[in-house]
Amino acid sequence: MSEPILKVQSLSRQFRVGGFRSRGQLHATDEVSFEVAPGEIVALVGESGSGKSTIARVLAGLYPPTSGSIVFENKVLGRKPTRSVRGRMPMVFQDPFGSINPVLRVGHSLLRSLKLHRPDVAKSERFAEAVALLEKVGLTPGVEVLERYPHELSGGQRQRLGFAQALASRPSLILADEPVSMLDVSIRIGLLNVMKGLRDNDGVSLLYITHDLASARYVADRMIVLYAGRIVEEGLTEEVIGSPQHPYTRLLMSTAPDPRLKLTDYEGADDLGEPPKVINPGPGCRFAPRCPLVMAQCRTSTPAMVELSPTHRAACYAVEKK
Amino acid sequence: MRFLSSLGGALARASKFIRRDKKAAAGSIILFVLLLITAFPSWFAPDNPSAEIYTPGVGLSWSHLLGTTSFGQDVFSQLIVGTRQSVMIALIVGLLSTILSVGIGITAAYSGGMVDDALSLITDVVLVIPTFPLIIVITAYLKAASFWLMVFVLVITGWSYGARQLRVQALSLRNRDYLLAAKARGESSWYVICVELIPPMTSLIVANFLSSALYAVLMAAGLQFVGLGNINTESWGTMLYWAQNNEALSIGLPLWALAPGVAIAILGSALALLNYAFDEIANPALRPVSARRLKKAEA
Amino acid sequence: MSQPILQLRDLRVEYATPTGPALAVSGVSLDLEQGEFLAIVGESGCGKSTLLFAIAQLLTYPASLTGGTVVFDGVDLTSLSPEDLRLHRWRDISVVMQSAMNALNPTLTIGAQLADACRAHTDWDHERIAERSAEVFSMVSIDPVHLKSYPFQLSGGMRQRAMIAMALLLEPKLVIMDEPTSALDVVAQRSLMRQVETLRRELGFSVLFVTHDMSVVSHFSDRLAVMYAGEVVELGATREVFDRPQHPYSQGLMEAFPSLFGEVRPLTGIAGNPPSLVNSPPGCLFAPRCPHVMDECREWRPELVTNGTHAVRCHLINKVLRT
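Residue numbers (the numbering used here), protein chains in the order written: chain P, 54 to 375; chain R, 7 to 305; chain U, 20 to 342.
So that you can see chain P by itself, here it is in the shape it has in the complex (with noise of 0.2 angstroms):
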């Protein structure tokens, strides 16, 4: 396998709660390693509050790690990126209707991302460029929607536009933050494959952030599952969905509606919990409340990641036993 173009080390990012004078910290991500490595799709799948757009958005830049390294096209990346930084590694955001602003054209942050990272792009030529990259993510006629106003986009043109956007920058990496999850079933599979297209294309990375294990199955070569802020399961797509370690995947696996399935002996099915908000953490694994295989261990310290295959991981006491 080639170097990796993302090593993520030990991420770590809290958050302070409460009042002026409070000391909670919400863990929002704790701890987290993983690569990513060129021309792959990498899922980071969790719930709401597993710590998966926290993640994006410090990759983003958006606000710096708590502890941690990032090493991007290997530099350390500092607390604020550079420009050329975010052109290299942009994101797209999951609503479709906040993430574009509202009273500028179609064109204008196109026009924008061009001008910052693209200097190789004359002015003269932005549009001829703007109007291809729509074209390149479907949105056609390009010189059209160009100048239409958001409110003219339905939800999947406006992702469409988003990735347009993050393309314009020449990026490695594209932090995909839950970018369908907003939008009607029938239009997915088509965003979906338009992520697909960049990888196989354009050799693109993708890091695809979603709740939604299938549709993470069906776009992404390796797979991150997250609990509560921690990595609990990791490996390539195949390895997780067809043989899922930890017990938090297979609750996972076991409530992902599919309607080609049977209902019948779901795993976990009367499974009440949620995951929790981690404020000021003792010790311990935090799936270890709603866990069906929970030893005393799991409630004291801290599992590490147990090497399941060269490619497959998961951080579990119950794995680690058998």
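Derived by calculation from the structure, the hints in this document are not laboratory data. All clues given are correct.
Every beta carbon over 10 angstroms from chain U, so not counted as near; a handful from chain P, in silico:
1) 106
2) 254
3) 352
With a cut-off of at most 20 angstroms between alpha-carbon atoms, the simulated SDA-like pairs for lysine to any residue come out as follows:
4) 189/R / 132/P
5) 330/P / 170/U
6) 189/R / 157/P
7) 133/P / 119/P
8) 133/P / 194/R
9) 330/P / 174/U
10) 133/P / 117/R
11) 133/P / 195/R
12) 133/P / 199/R
13) 189/R / 125/P
14) 189/R / 164/P
15) 133/P / 183/R
16) 189/R / 115/P
17) 330/P / 169/U
18) 189/R / 147/P
19) 189/R / 155/P
20) 168/P / 195/R
21) 168/P / 194/R
22) 330/P / 165/U
23) 189/R / 148/P
24) 60/P / 119/P
25) 249/P / 278/U
26) 168/P / 196/R
27) 133/P / 181/R
28) 189/R / 169/P
29) 249/P / 284/U
30) 189/R / 141/P
31) 168/P / 189/R
32) 133/P / 196/R
33) 189/R / 135/P
34) 189/R / 223/P
35) 189/R / 158/P
36) 133/P / 189/R
37) 168/P / 186/R
38) 249/P / 282/U
39) 189/P / 291/U
40) 133/P / 186/R
Glycine is no exception: its CB is placed at the ideal position from the N, C-alpha and C atoms.
Given chain P's structure and the hints, the job is docking chains R and U onto it.
Relative to the frame of chain P, chains R and U by itself:
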């Protein structure tokens, strides 16, 4: 440059919009007439407004459209010449206090932390001071208030409400994804504030301008009415002052007092009408789709 | 079989828009049996939520009912006065909205809000209200101590379950749900659906459930209605629609789900966008996006044709049936 061109675009949109919307049209026609009167009072006023040369206390007639005062001045001429001061106060105070509101409100919201705390504290303090008594005290202390002194007093007492509104609005926009998207694209803070943050707030800023203008007109008239303006200048407020001092209503000259009152009301409603209409200009989603673009889309 | 609890006949709802009236619901006829769970699926803008609003008589300008009847338990709701409607609402028909969990008043305890709902519709005394509130909370697996909690003290899933408890307070015959799960995580979604299902079995109310994500209801609803551009295009037993979808739109929807099982194969979704509802053309509304489009599809609108228990609105299917 970009900002100017987008401002130009906004103005072009505004003019198109005004032609279509009845409220906006009515408001701008009134305002336009008043501005014309402000600029060229001699086109409209038949006489020197302060010349006491006519029969005092005459009612309606062709030679004196609104009668004369008990000093023998022409009320209509006074009204026309007085327009200038009221309109100027409205525009200047409106503009200056809006600039102050935008600057303070948006700086507070965008910076956050200590800066926000400090600016919000100042805003709140100014907000709770009872304005009118304060103005009376200041102007009374400084004696005969000149035009600019009055502007100064109205601006420093009038910006706080707008600043508070704008701060709240900017706060709610601050974490919108499109601002984050601009930041993630690598834009500078100035760019984000001027191009991405302020334009969506245009309607609120314009509304702020219009309401501070309205506030200024009423406050100025009030001050002049109680005799705290320069009573020797020509304005609607001083007209009211003289009318009141000479008991215009009881000596059978109601027009002397009514005319400036109605004029103030007309200027006020013009500002209010524009205020309603502007909400739609700033928000393209509320704008009707132009027929041209529809045709294009069909083709 | 007993009389259906709800009968919709040729229901039409229009929205006033600057370019003319948009037909958001055009001629929907459905029957809902006593105790039945009917799911209505469709994409945003297909009129499914508008349909629910029309049934609950909650339409407000610019939407208005322009035709059809809503017969609930023998009474045509469209002909009732606002006061009579108020009697039915909540007591006989209750509604759980999409953002219901955010509809709770943050400054009142949840118990107080349940009590308010009781007082507005019954003359129960304090004890009866407390007793019933505790009862419905237990039904949705929330410890009744949370009646004293404020909404922010509960998680999203618990708040949504509390809303369902509120809807069940007065033992309604029909519970209308508008995407109650869409703000929840998958695990919470699943447990909420199971809860609704169990309660329906126990208490025997009917459920009308609207969602854009048909996989959510795939295991719970008895029948499934697929809506497109204001019309029901397919209606049948849930399993049947899932296993053998007939309308090209339903087929497209089924093809739009990546699966967790089996081989990963390229999917295409449905090309194009839903049509404008203003001045819609004479032909089938799905024709511009349909892979099997024929000449007649562009000329006239197909009817909803029932074959056995399965109804489809498609010229192609009709042709197959005729031959």
